[in-house]
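Engineer: Residues per chain are reported as follows:
Number of protein chains: 2
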Amino acid sequence: MSSGDVTRGPIEGSTKHYLHDAHLRIPQRRVHLTNGDHLDLYDTSGPYTDDDAEIDLHRGLAPTRASWRRPEPVDTEAGHPAATQLAWARAGLVTDEMRFIAAREGCDPELVRSEVAAGRAVIPANHRHPESEPMIIGKAFAVKVNANIGNSAVTSSIAEEVEKMVWATRWGADTIMDLSTGKDIHLTREWIMRNSPVPVGTVPMYQALEKVKGDPAALTWEIYRDTVLEQAEQGVDYMTVHAGVLLRYVPLTAKRVTGIVSRGGSIMAAWCLAHHTESFLYTHFDELCEIFARYDITFSLGDGLRPGSIADANDDAQFAELRTLGELTKIAKSHGVQVMIEGPGHVPMHKIAENVRLEEELCEEAPFYTLGPLATDIAPAYDHITSAIGAAMIAQAGTAMLCYVTPKEHLGLPNRDDVKVGVITYKIAAHSADLAKGHPRAQERDDALSKARFEFRWTDQFNLALDPDTAREYHDETLPAEPAKTAHFCSMCGPKFCSMRISADVRAYAEENGLVTQDDIDAKLRADMEAKSVEFRRSGGEVYLPLEAVDRTAP
Amino acid sequence: MSSGDVTRGPIEGSTKHYLHDAHLRIPQRRVHLTNGDHLDLYDTSGPYTDDDAEIDLHRGLAPTRASWRRPEPVDTEAGHPAATQLAWARAGLVTDEMRFIAAREGCDPELVRSEVAAGRAVIPANHRHPESEPMIIGKAFAVKVNANIGNSAVTSSIAEEVEKMVWATRWGADTIMDLSTGKDIHLTREWIMRNSPVPVGTVPMYQALEKVKGDPAALTWEIYRDTVLEQAEQGVDYMTVHAGVLLRYVPLTAKRVTGIVSRGGSIMAAWCLAHHTESFLYTHFDELCEIFARYDITFSLGDGLRPGSIADANDDAQFAELRTLGELTKIAKSHGVQVMIEGPGHVPMHKIAENVRLEEELCEEAPFYTLGPLATDIAPAYDHITSAIGAAMIAQAGTAMLCYVTPKEHLGLPNRDDVKVGVITYKIAAHSADLAKGHPRAQERDDALSKARFEFRWTDQFNLALDPDTAREYHDETLPAEPAKTAHFCSMCGPKFCSMRISADVRAYAEENGLVTQDDIDAKLRADMEAKSVEFRRSGGEVYLPLEAVDRTAP
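First to last, the protein sequences are chains A and U. By full-length UniProt numbering, the letter at position 468 of the first sequence is numbered 468, and the numbering carries on one by one without gaps. By full-length UniProt numbering, the letter at position 502 of the second sequence is numbered 502, and the numbering carries on one by one without gaps.
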């Protein structure tokens with residue numbers, strides 16, 4: 001595998017830019033505008049978009065965090081020391097990771113520390129993943145997006161999985177989950193870990209199940225624990241653990257329309273039924289916490305009983321498990337271990353807010369990490385959209401990270417295009433929520449793009465977009481020539497007529513006449529309407545030449 | 001133009017089915033399931049999806065409504081008679097149109113009459129469009145979707161526009177707006193009217209502007225009125241009229257990021273400034289009402305000052321105009337004329353509900369008809385998605401009809417694929433809102449599809465989807481063979497492992513053991529856990545054969 005296997009170079013119209021804070025170098029994506037301005041954006045893409053960076057997939061990314069200051073472990077309530085961001089935050093320490101994050105988010109490092117200390121935010125950063133650029137998941141910060149990748153012997157190679165990781169982070173994935181199964185699972189993960197600039201999550205159960213040849217009944221705590229240790233050593237930053245699927249909850253799913261749809265959840269349900277014993281993930285949870293505390297692995301407590309259909313949303317099985325996740329959250333935190341909580345799934349819009357309310361109540365406001373939810377079941381092939389509706393709403397209500405859904409959900413495996421569409425769609429949901437929550441600086445990008453649109457700076461409009469390439473391609477389908485990029489019109493209303501031009505005339509009229517406040521405007525209008533009428537007709541009137549045959553997508 | 005120019009035949013897996021109510025024949029789409037069941041769906045596609053229907057585009061569709069009973073005109077407050085659904089509803093009459101609609105919606109005809117009488121719903125049905133299948137727009141009914149089409153001398157012919165109409169209604173468009181400009185505008189509309197099974201809306205101003213060679217200052221009331229009469233005679237069912245753009249509101253837009261983005265709004269703003277006179281649409285509004293009352297044309301009072309960016313949402317200009325639309329609503333209703341109100345546009349999520357609240361307060365709950373709104377400005381090329389988020393939310397809050405947005409919004413003209421993606425995306429938003437509002441029967445389709453999914457009835461899952469063709473295509477990319485359509489697995493988890501199978505085992509276990517209520521379950525679990533453990537391991541255990549190399553899109 002050579003570095004030629006992955007996508008390199010900046011996104012169109014941008015260059016890599018670094019903020020410096022002592023020994024920290026914080027990456028940003030700088031979008032260069034044709035009017036001489038620029039806009040700096042949060043950048044998840046790592047060195048791959050830096051033309052000056054050397055990339056060697058065999059060597060992996062530079063282990064930058066290895067040289068950062070790491071505080072001593074801190075004693076915890078549970079009685080053993082924890083070397084975690086949570087333990088340090090509680091001890092009042094601002095780590096380099098927190099400082100790096102504060103610069104990325106444009107906030108005070110103390111906000112980062114206090115949110116982590118409160119358990120309202122997590123920084124997934126295994127000590128053994130020094131290649132990662134720290135990021136934070138918490139409702140006080142920008143909403144984050146996770147993209148799932150994972151190999152399959154049939155459909156992809158290790159090189160393809162590494163490229164999928166690079167590709168997903170290029171378009172804005174804040175974390176990735178490696179859901180690989182099958183052969184080469186360890187090696188695939190090693191390649192991903194060493195080359196990933198973002199935190200990596202896994203579901204250790206998948207590999208544990210491989211070790212027992214896919215028979216859930218043959219699983220044991222020891223096999224699972226050793227798998228966790230193996231992945232911990234590789235540097236996995238957060239792990240999904242379905243420890244809330246208890247034996248007594250399984251029958252609650254019997255009358256559901258879609259039963260248990262989580263793979264991890266169904267494995268544990270099968271194990272519990274086969275042994276009629278409580279889940280070993282639950283009974284050995286303290287031991288798991290001790291491992292996680294050593295590496296600073298973050299729990300992503302899985303919702304194994306999440307609803308798989310509108311009919312099953314917010315039912316007894318789902319909320320019984322959530323209550324147990326709340327208990328486990330307290331235990332993990334007593335060990336100094338960071339925790340986030342996974343959420344559904346399929347939920348109609350009117351039942352979305354209740355999920356956040358209950359999660360916050362039961363789980364001490366631990367960051368919520370939801371899959372969609374899909375707001376309806378009736379659109380397979382468009383579930384990135386059905387779920388973006390739910391995702392935007394649940395993020396507005398307080399969800400901190402959104403797990404993307406691709407157009408192939410329920411139907412097949414996502415290809416490269418699906419991964420991009422999934423990530424872009426989820427960046428839309430996350431950003432819409434940031435706007436709705438009044439996140440500082442979120443609206444800067446909307447304003448810059450809309451201003452470019454109004455001023456007919458087409459190139460700037462493309463380059464400020466989440467996907468400059470597709471925006472440009474769609475524009476060029478009807479007006480391909482380069483001069484059209486600076487034209488004061490578009491194919492929708494044609495060259496001789498455009499509402500934006502009239503607006504510009506209105507603005508010019510207001511400014512020429514000193515109409516700044518509403519009082520100015522009213523006074524002026526009353527004072528010299530007729531005189532201005534003549535003037536306007538003479539000057540602005542020329543704008544309205546004969547209307548050619550044109551079209552427009554809205555009245 | 002021959003009938004070979006348009007798409008014919010039912011959607012995959014369905015046939016046309018008719019409900020009969022006296023002389024009325026109400027179309028439905030019947031989806032046939034492989035388990036012998038069927039599901040009947042609301043059908044907007046007209047005779048084109050009926051294999052038994054004769055289609056001759058030159059003759060047009062059968063003028064079915066011409067033979068229906070039309071009550072006598074009714075006197076109105078304004079002093080002249082109105083032959084409108086509103087006037088008849090107020091007089092206590094249930095028209096054939098209302099009865100037809102009640103059968104389509106699955107509700108009582110009296111609900112239709114009373115909602116129309118209250119002005120909370122409209123039935124756009126010009127007497128001169130007898131080919132249409134009546135439908136209703138109101139928040140007590142299923143949320144509706146409008147698709148815009150419109151010719152352009154450069155890019156499309158009349159035949160293409162008719163096909164776009166057929167294509168849009170095939171996928172679920174409840175109304176279409178013909179936004180044609182340029183030459184052949186009258187003829188294009190004539191073809192569309194005579195062949196459209198759904199109500200057709202227009203913006204008469206576009207044609208009026210053609211008549212004055214694109215110079216807004218040259219417009220007059222007389223030219224506009226004659227254009228309205230011309231289109232009324234052709235059978236246009238509803239017309240967008242930007243009568244709320246008053247002279248004194250224009251300067252309110254001067255400090256906006258994106259000024260005036262509505263084409264109709266900008267034309268009137270230019271006219272008002274050029275003449276320093278109040279808008280002729282406003283000053284002649286009563287005369288317009290008299291025309292509309294004769295044909296039963298529904299007002300779609302345009303939001304000429306809608307925000308074109310997140311920055312401009314809910315500003316003084318927008319809400320000043322809305323207040324004026326409220327005044328005009330009262331005037332129209334006093335003439336017995338039906339009214340709906342157009343809404344934005346670009347609105348961040350936290351400002352969406354306020355739009356509905358204010359519209360209902362100011363406009364006596366007249367049906368709201370919104371364009372999206374887009375929840376962020378930063379994703380040109382994905383604005384069907386940015387706007388589906390806003391559309392679903394505003395529909396949940398009470399919007400009765402959603403105007404679709406295609407992926408080409410802001411960039412170019414939608415092609416056939418864009419029209420389909422736009423309609424499907426908006427059906428998702430509308431249906432999600434129906435679920436959230438608890439609309440009777442909405443969840444039937446979700447449940448049927450999810451049940452099919454759980455039971456591995458792949459073909460049924462496809463056929464119940466909004467877009468069976470694309471769902472099937474995506475599935476077949478990884479598992480193309482016909483036997484895979486009945487396989488108890490999919491490419492996501494592979495043939496030997498599947499959470500759905502475990503669920504089926506859990507269910508079987510519960511049913512075999514008479515576990516119906518939670519009490520049964522608890523008692524049984526306590527009673528004979530150990531015995532069942534052995535049994536389950538022996539029977540269900542066989543399900544879990546070695547896990548092949550597989551992948552999955554979520555943990």
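Rather than coming from a laboratory, the hints here were simulated on the basis of the structure. Any given hint might turn out to be false.
Given that identical chains are not distinguished, each listed pair holds provided it fits within a single copy or across any two copies.
Taking lysine-lysine pairs in the BS3-like style, the calculated list, with each CA pair at most 27 Å apart, reads [stated by the list, open to error]:
(1) 437 <-> 255
(2) 351 <-> 255
(3) 183 <-> 213
(4) 351 <-> 330
(5) 213 <-> 330
(6) 437 <-> 351
(7) 211 <-> 183
Keep in mind the model is a prediction, meaning the values are calculated, not measured.
Engineer: Please go over all the hints and tell whether each is borne out by the structure.
Structural biologist: Results for each hint:
1. 437 <-> 255: between (38 Å within a copy, 24 Å between copies)
2. 351 <-> 255: within (20 Å within a copy, 39 Å between copies)
3. 183 <-> 213: within (11 Å within a copy, 70 Å between copies)
4. 351 <-> 330: within (26 Å within a copy, 36 Å between copies)
5. 213 <-> 330: Answer is neither: 34 Å inside a copy and 73 Å across each miss the 27 Å cutoff.
6. 437 <-> 351: Both: 20 Å inside a chain and 11 Å across chains, each within 27 Å.
7. 211 <-> 183: Result: close within a single copy only, 10 Å intra versus 71 Å inter.
In terms of the numbered hints stated before, the structure departs from hint 5 and from no other.
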